[in-house]
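Chemist: Each chain, written out:
There are 2 protein chains.
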Amino acid sequence: MIIDGMADRPLEELGGKTPLEAAKTPNMDLMAKIGINGIMDPIKPGIRAGSDTSHISILGYDPYEVYTGRGPFEAAGVGVEVKPGDIAFRCNFSTADEKGIIIDRRAGRIREGTDELAHAINSLDPINGVEIIFMESTGHRAVLVLRGVGLSDRISDADPKHEGNPPKEVVALDRSKEAENTANILNQLIWESYNILKDHPINLQRIDKDQNPANIILPRGAGAVPEAEPFESKYGLKSACIAETGLIKGIGQITDMDIIEVDGATGGVDTNLENIALSIIETAALDYDFLLINIDGADEAGHDGNLNDKLDFISRVDEVVGKILEIDNAYFILTADHSTPISVMDHTGDPVPLVIKGPEVRVDLVEKFNERSATLGGLCRIRGSDIMNILMDLLNRSSKFGA
Amino acid sequence: MIIDGMADRPLEELGGKTPLEAAKTPNMDLMAKIGINGIMDPIKPGIRAGSDTSHISILGYDPYEVYTGRGPFEAAGVGVEVKPGDIAFRCNFSTADEKGIIIDRRAGRIREGTDELAHAINSLDPINGVEIIFMESTGHRAVLVLRGVGLSDRISDADPKHEGNPPKEVVALDRSKEAENTANILNQLIWESYNILKDHPINLQRIDKDQNPANIILPRGAGAVPEAEPFESKYGLKSACIAETGLIKGIGQITDMDIIEVDGATGGVDTNLENIALSIIETAALDYDFLLINIDGADEAGHDGNLNDKLDFISRVDEVVGKILEIDNAYFILTADHSTPISVMDHTGDPVPLVIKGPEVRVDLVEKFNERSATLGGLCRIRGSDIMNILMDLLNRSSKFGA
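Residue numbers (the numbering used here), protein chains in the order written: chain D, 1 to 403; chain S, 1 to 403.
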């Protein structure tokens, strides 16, 4: 169970405590008391991990090999059945004027009708023999997947970053034919999207309501879908993923876990934690050996620099932890994927606390779950890439190396 | 000094203590008090090490490179002077009936006369130009070494694992000529062993006494003898190995240490610890810079799940530690090669405690030698592969990397 961005740095306004030290967390503290504690570097000390690279590392995959950019994970997360070799992109629906200048990168923060717009692009004919797969994500976001031969992810972004500019021409970042071909396809696709979207009924309605039309797509973050061994064949554990965001669901998807959808899971502090807890308890009762759980709100509060939200959210997640603690006969690992300090409003490389509760752990003397108590625990300091090895060993499911 | 399999997990019957926490160990505790402590992962966190791979790692060799299977180390351990490129096997003397069906994989647990039987096989002519080296080990065990050109260790085992079956035909595990050639030699050798052993005087005597004859050999665990830099040239330390089992003596042999034989060392809980202690003290007084010591009984007790034996053996090993502590002017490192928990009855990947006593260590606050006290020590959590570097540095014998 990974509480996204929960760890933090000491804050003056908390008398030098971190939010996790200051928040009311009786259940996490109970878990620390009956478990073995330590601190964990998701990748290695000081390295600022993304949520994606951290999760990849914690699941025992090498992020330097598997992580090819955010596109593939986002695409998988919204339900595109990506295949190794596909090139995936994150996209914005944006607004272009009649001269092709981007006047709103987020198309008036469009929320409705993107499924129909996406369908129109998804229905386009192949370009240079390459299949165009396009799907809406949340809000103005969408994903694009190119499938075919002669493709490369070594190409630049189309997003001009600032309004008042035309889409940037996509160019090859190396001298390969594949990169040039992919850049050509993208440049063609961007203007085809404009042609197909500008008079789309959804957009005509928007114009009628004085809303910016979503009449062009701007791809960025090209990444080749990596070859990742399915989690189940890697560990022999039948697994499910309970996550809120497309990014983490995408990691579950690419490692071939079952994805459990939770009603009301928003990925923010306003998420429905009751439903998430219920879903965890229900899924744990099914025929799974392993659950990957990600709850995202503390990270959002950290990125927003909103201390009260972070304190409050941590306390509410603590209640979810209390419910999971009632599950018997399981190993339960609680940690964060990185720190998102209120003072930094972004991820940092500070290590995160980690606790393992279960039948045969060497229970230590730690009695609180937080960044500093954990440093005195029996695990000392480990890395994300150690976690699955430690768990497999506790489960007596790992094979011996040697005699 | 490596106490094989000494570390463990908490046990309910010990009130949540581990055997090492519960056993009377005044000398180990004294050593913890005057030394620097930590926990150690022989390979890396969670990885279940064998005794062989752990020792290889602790001596500063990469087990993923050097460890080619148990055969080469067993062969070296019983005194075969193996050479890089040799293919070595562990063998059983077994009993086949007149139809060639294995009716006893351990030949009535034969204890005497195996030297003569082994000599008969060792005297066989080369097969396809490949020299046959064969030597008895303890009980019904023996080792086989093939020496010559055109050999491979990518072949299957002959041992059918269960009585009532003929020896399994050895087959190549890849498509190389070498593997096919080696498989052919093995298949020929197995039946030659039957022809040469079935009417051997030792076996005729056994049949007279209603004992199962040791009339066939069953090789398994093929491994190519690795190229390992001699310990002395790697570190400039003249070294000796005091070990009980063939496996660990083999590691000493392959790294070119002097092997010190100890009378009455059985590798079990019934071993002669007085003789082992005496041998350590005597060898330490000789012209050596480094001793590798392995005592095996705690591992045996762990594999047997025998708590009383493990507790008792640890207390008796503690007396050996007391004698070594009297040696002045030496660095003394005490650890285990892996955990062999009573509850699991096999090796686990749990880290092991480690203490270093010597003139210039940063003595810490730890006062007990066990799995949990050690986590609060000055070494924190290290790996087996760190140990020789730390020792060489304490000895002021390592070279500086940089200026």
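To be clear, the hints were calculated from the coordinates, so they are not data collected in a lab.
Just to be clear, a hint being listed does not mean it is correct.
Below, simulated BS3-like cross-link-like pairs (lysine-lysine); rule was C-alpha separation at most 27 angstroms, straight line [as the list claims (entries may be wrong)]: (1) D:Lys-238 <-> S:Lys-44; (2) S:Lys-168 <-> D:Lys-368; (3) D:Lys-400 <-> S:Lys-44; (4) S:Lys-44 <-> D:Lys-33; (5) S:Lys-168 <-> D:Lys-33; (6) S:Lys-33 <-> D:Lys-400; (7) D:Lys-44 <-> S:Lys-368; (8) D:Lys-400 <-> S:Lys-168.
Chemist: Please flag the earlier hints that this structure goes against, numbers listed from lowest up.
Modeler: 2, 5, 6 and 7
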